[in-house]
Amino acid sequence: MLWPRLARALLAKPLTDPAVAAPAETVAALAERLAATARARLGRSLAIREVDSGSCNGCELEVNALQNVAYDLERFGLRFVASPKHADVLLVTGPACRNMAEAMERALACTPEPRWVVAAGDCAVDGGVFKASYATHGGVGAVLPVDLLIPGCPPSPAQLLEGLLALLEAEAEPRKK
Amino acid sequence: MSAVSLIRAGAPQGARPFERHLLGPEAWSRLPQALAADPSLALLALWAEPGMVHAAFLDEAAGAPLLASVPAEGGRYAALSPARPGAIRFERMIRDLWGLVAEGAVDLRPWLDHGRWPVMGPMSASPAPMPGAEPPQPAFLPAEGEGIHQIPVGPIHAGVIEPGHFRFHIQGEVVVRLEARLGYKHKGTLSLMLGKSPRAAAAFAARLSGDSTVAHGWAFAAAAEAALGLAVPPRAVALRALMAELERIHNHLNDWGFVCNDAAFAFPHARCGLLREGVLRACQAAFGHRLMMDRVLPGGVATDLAPDGAAAILAALAAVEAEVPALMRIYESHASLQDRVVGTGFLDPAHAQAFAAGGFVGRASGRRFDARFMPGYAPYDLLAPPVAVEAGGDVDARVRVRVAELRNSVMLARRLLAELPEGATMAPLPEGGGEGTALIEGFRGECLAWMRLDDGGLIRGVFLRDPSWLQWPLLEAAIEGNIVADFPLCNKSFNCSYSGVDL
Chain Z
1 MLWPRLARAL LAKPLTDPAV AAPAETVAAL AERLAATARA RLGRSLAIRE VDSGSCNGCE
61 LEVNALQNVA YDLERFGLRF VASPKHADVL LVTGPACRNM AEAMERALAC TPEPRWVVAA
121 GDCAVDGGVF KASYATHGGV GAVLPVDLLI PGCPPSPAQL LEGLLALLEA EAEPRKK
Chain F
1 MSAVSLIRAG APQGARPFER HLLGPEAWSR LPQALAADPS LALLALWAEP GMVHAAFLDE
61 AAGAPLLASV PAEGGRYAAL SPARPGAIRF ERMIRDLWGL VAEGAVDLRP WLDHGRWPVM
121 GPMSASPAPM PGAEPPQPAF LPAEGEGIHQ IPVGPIHAGV IEPGHFRFHI QGEVVVRLEA
181 RLGYKHKGTL SLMLGKSPRA AAAFAARLSG DSTVAHGWAF AAAAEAALGL AVPPRAVALR
241 ALMAELERIH NHLNDWGFVC NDAAFAFPHA RCGLLREGVL RACQAAFGHR LMMDRVLPGG
301 VATDLAPDGA AAILAALAAV EAEVPALMRI YESHASLQDR VVGTGFLDPA HAQAFAAGGF
361 VGRASGRRFD ARFMPGYAPY DLLAPPVAVE AGGDVDARVR VRVAELRNSV MLARRLLAEL
421 PEGATMAPLP EGGGEGTALI EGFRGECLAW MRLDDGGLIR GVFLRDPSWL QWPLLEAAIE
481 GNIVADFPLC NKSFNCSYSG VDL
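Chains as they are written, first to last, in UniProt numbering: chain Z, 1 to 177; chain F, 1 to 503.
No lab work stands behind these hints, which were simulated from the structure alone.
Hints should not be assumed to be uniformly reliable.
[What the hints assert, rightly or not] Across the chosen pairs, the derived CB separations fall in these ranges: (1) F:GLU134 x Z:LEU2: 29 to 35 angstroms; (2) F:ARG281 x Z:PRO112: 55 to 61 angstroms; (3) Z:GLY43 x F:GLY132: 31 to 37 angstroms; (4) Z:LEU2 x F:ALA36: 26 to 32 angstroms; (5) F:PRO118 x Z:ALA38: 33 to 39 angstroms; (6) Z:PRO23 x F:ARG460: 42 to 48 angstroms; (7) F:ARG281 x Z:LEU2: 25 to 31 angstroms; (8) Z:VAL20 x F:PRO12: 31 to 37 angstroms; (9) Z:PRO145 x F:GLU103: 34 to 40 angstroms; (10) F:SER40 x Z:LEU2: 52 to 58 angstroms; (11) F:ASP107 x Z:LEU2: 43 to 49 angstroms; (12) Z:LEU15 x F:ALA350: 44 to 50 angstroms; (13) F:GLU134 x Z:PRO23: 56 to 62 angstroms.
[As the list claims (entries may be wrong)] Restricting the straight-line Cα-Cα distance to at most 20 angstroms, the calculated cross-link-like pairs of lysine to aspartate or glutamate (EDC-like) are: (14) Z:LYS85 x Z:GLU105; (15) Z:LYS13 x F:GLU323; (16) Z:LYS131 x F:ASP455; (17) Z:LYS85 x Z:ASP126; (18) F:LYS196 x F:ASP38; (19) F:LYS196 x F:GLU323.
Given the structure is predicted, the values throughout are model-derived calculations rather than measurements.
Heads up, the beta-carbon is just placed ideally off N, CA and C, and yes, glycines get one too.
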């Protein structure tokens with residue numbers, strides 16, 4: 001039966017892990033990139049559009065895991081959206097495959113400014129093991145203007161969360177001064 | 001002459017453990033007709049080297065793979081697709097990568113080559129520069145009838161999934177025809193492996209499809225070990241199987257949850273996600289990586305089980321085992337969920353047979369094929385767990401096969417841990433060359449790896465075949481006649497790999 005389980009879950013302590021802290025130097029570097037007007041418009045919540053530019057799907061597994069109850073991404077005001085038109089962040093995984101380059105550019109063109117582009121995973125950072133291939137341009141930076149790199153193969157949900165929280169913290173920066 | 005004897009009449013090439021026979025173009029050209037007359041010889045893969053085409057079959061009567069090759073004289077060879085529909089996409093891939101044309105092929109449209117690489121035939125002996133024209137628009141198979149319209153989807157999809165294009169032809173709410181256009185993730189993986197040692201190239205096998213990193217890594221390592229005649233230490237064999245079963249468990253949990261979620265039933269998704277997270281953390285504790293990537297290497301395994309690894313794995317398995325029966329009862333007792341999964345996305349057993357589908361896709365349509373038992377490999381020859389088979393062919397049948405496998409895998413992982421042999425976990429690779437093939441059952445189905453090493457021990461030819469090659473076309477068949485809104489459900493119940501087939 002489902003209902004007794006749901007009732008028990010209401011009374012049990014949360015399954016969600018405590019929040020990780022965003023690295024201060026990353027936050028400072030990101031804050032510098034962000035104009036004051038953009039800061040005001042982005043606020044304390046970010047809509048993320050995940051774009052796979054050619055990953056092995058390992059990164060997708062970990063990005064998906066961010067949404068499970070242990071990490072519960074939405075408690076931070078971070079959520080995945082279905083269209084780049086609704087997004088503040090393009091979270092790109094995989095090397096920049098030549099067969100995906102046009103789709104990547106179109107996704108960027110659909111994403112309203114101000115926006116962040118995050119390259120997540122070793123392949124997205126610089127092409128990883130695929131950088132020497134005829135079929136890739138190298139890292140995501142070869143096709144899109146990247147603001148934040150999250151290395152790892154694949155980056156763990158905790159590492160991804162750290163990077164995404166740094167974006168949020170960067171937007172909050174001036175208020176702390 | 002039967003197809004098997006036609007192949008066996010070709011000169012043996014000394015490939016291990018499954019022999020490869022070299023046929024002349026004349027003998028090969030008689031193969032399609034012989035195959036059409038003999039449905040028990042399943043086509044597993046078709047690939048090439050410069051000037052040479054290779055095929056891997058499974059002789060289902062003998063339970064053993066069989067390899068055949070033909071020189072592509074003048075860049076041409078006789079197509080197998082008229083007799084084996086599974087050959088269609090391989091033939092398109094061979095033309096795109098090696099520039100070899102299948103004569104009499106069912107379909108010769110480009111597949112991986114979207115006209116965006118700097119070269120044509122990048123793996124042929126002499127790749128030609130790509131003409132600088134605009135990339136061509138893809139041509140899709142037509143559908144005719146009153147009121148038919150098209151829905152183009154992708155390459156970027158709405159969810160956090162891999163990119164690919166789906167072209168639906170729709171009449172009202174009903175899908176008349178679906179055609180997938182893939183290749184967006186082509187990374188040139190095979191070409192990057194050439195000229196490297198098996199040890200150096202293992203990273204590419206581990207990244208063919210990240211969700212099957214253990215299975216592909218194992219298949220690649222086993223092919224290298226077969227080529228070199230290397231016996232792997234028993235402890236490494238057991239640890240590989242343990243990792244493979246953990247990989248099966250975390251993927252089956254993930255997809256079961258997602259199937260329920262795609263039917264808007266969130267509770268199993270949340271619980272499966274938590275159980276899976278527990279398994280991944282146990283993998284991190286035991287092997288130092290959540291997905292166990294780069295842990296299987298030619299010669300053995302990269303890391304031994306951590307001292308507290310066994311306890312972490314057993315705790316995660318206990319949580320899975322404790323909750324799966326309750327989740328299954330919830331899955332079965334909610335009419336709103338059952339209404340979505342029962343009868344949806346029916347895959348005809350005849351189609352599964354024609355494409356030689358492996359994995360839960362084949363086994364949910366009555367095809368009793370699991371590489372762990374046919375051809376079989378260590379340590380499963382000693383473990384002999386049951387094979388879960390369902391006849392329903394729908395989304396529900398695929399879920400049931402996976403939940404049954406989930407339980408079997410928990411049992412297998414426990415036994416592997418309990419009986420873990422002592423000793424070394426890595427054997428040095430001997431000098432020399434050779435040719436080897438391996439079939440390893442990943443969570444999706446059998447992962448095939450083939451490689452040819454030169455006398456210096458470097459890779460001269462290689463092919464990695466994800467089971468999705470034979471499952472993607474079946475998704476197109478299974479969705480026919482279903483409503484558009486059920487596509488995500490059907491798609492997730494297959495969960496084919498994009499990266500695995502895009503190479």
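Tested hints:
For the pair F:GLU134 and Z:LEU2, the beta carbons lie near 55 angstroms from each other, so the given range of 29 to 35 angstroms is not met. In this structure the supplied range 55 to 61 angstroms is violated for F:ARG281 paired with Z:PRO112, their Cβ-Cβ distance being about 37 angstroms. As the Cβ distance of Z:GLY43 to F:GLY132 is approximately 45 angstroms, the hint placing it in 31 to 37 angstroms is violated. The supplied range of 26 to 32 angstroms is broken by Z:LEU2 and F:ALA36, whose beta-carbon atoms lie about 51 angstroms from each other.
Between F:PRO118 and Z:ALA38 the C-beta distance comes to about 37 angstroms, which sits within the given range of 33 to 39 angstroms. Under the hint 42 to 48 angstroms, the C-beta atoms of Z:PRO23 and F:ARG460, about 46 angstroms apart, fit the expected range. The hinted range of 25 to 31 angstroms is satisfied by F:ARG281 and Z:LEU2, whose Cβ atoms lie roughly 26 angstroms apart. Against the hinted window of 31 to 37 angstroms, the Cβ-Cβ separation of Z:VAL20 and F:PRO12 comes to about 58 angstroms, which falls outside the hint.
Between Z:PRO145 and F:GLU103, the C-beta spacing of about 48 angstroms breaks the proposed range 34 to 40 angstroms. The supplied range of 52 to 58 angstroms is broken by F:SER40 and Z:LEU2, whose beta-carbon atoms lie about 46 angstroms from each other. At roughly 47 angstroms, the beta-carbon separation of F:ASP107 and Z:LEU2 lies within the given 43 to 49 angstroms, and the hint holds. Range check, Z:LEU15 to F:ALA350: about 45 angstroms between beta-carbon atoms, so the 44 to 50 angstroms window is met.
Between F:GLU134 and Z:PRO23 the beta carbon distance is about 44 angstroms. The supplied range of 56 to 62 angstroms is therefore violated. Distance check on the hinted pair: Z:LYS85 and Z:GLU105 sit about 13 angstroms apart at the alpha-carbon level, within 20 angstroms; holds. The straight-line distance between the Cα atoms of Z:LYS13 and F:GLU323 is roughly 18 angstroms, inside the 20 angstroms bound, and the hint therefore holds. Taking the CA atoms of Z:LYS131 and F:ASP455, the gap is near 28 angstroms; set against the 20 angstroms cutoff, the hint is violated.
As the CA atoms of Z:LYS85 and Z:ASP126 are separated by approximately 26 angstroms, the hinted pair breaks the 20 angstroms bound. Annotation: proposed proximity of F:LYS196 to F:ASP38 is violated, straight-line Cα distance about 39 angstroms (limit 20 angstroms). At most 20 angstroms may separate the alpha-carbon atoms for a hinted pair to count; F:LYS196 and F:GLU323 exceed this at roughly 45 angstroms.
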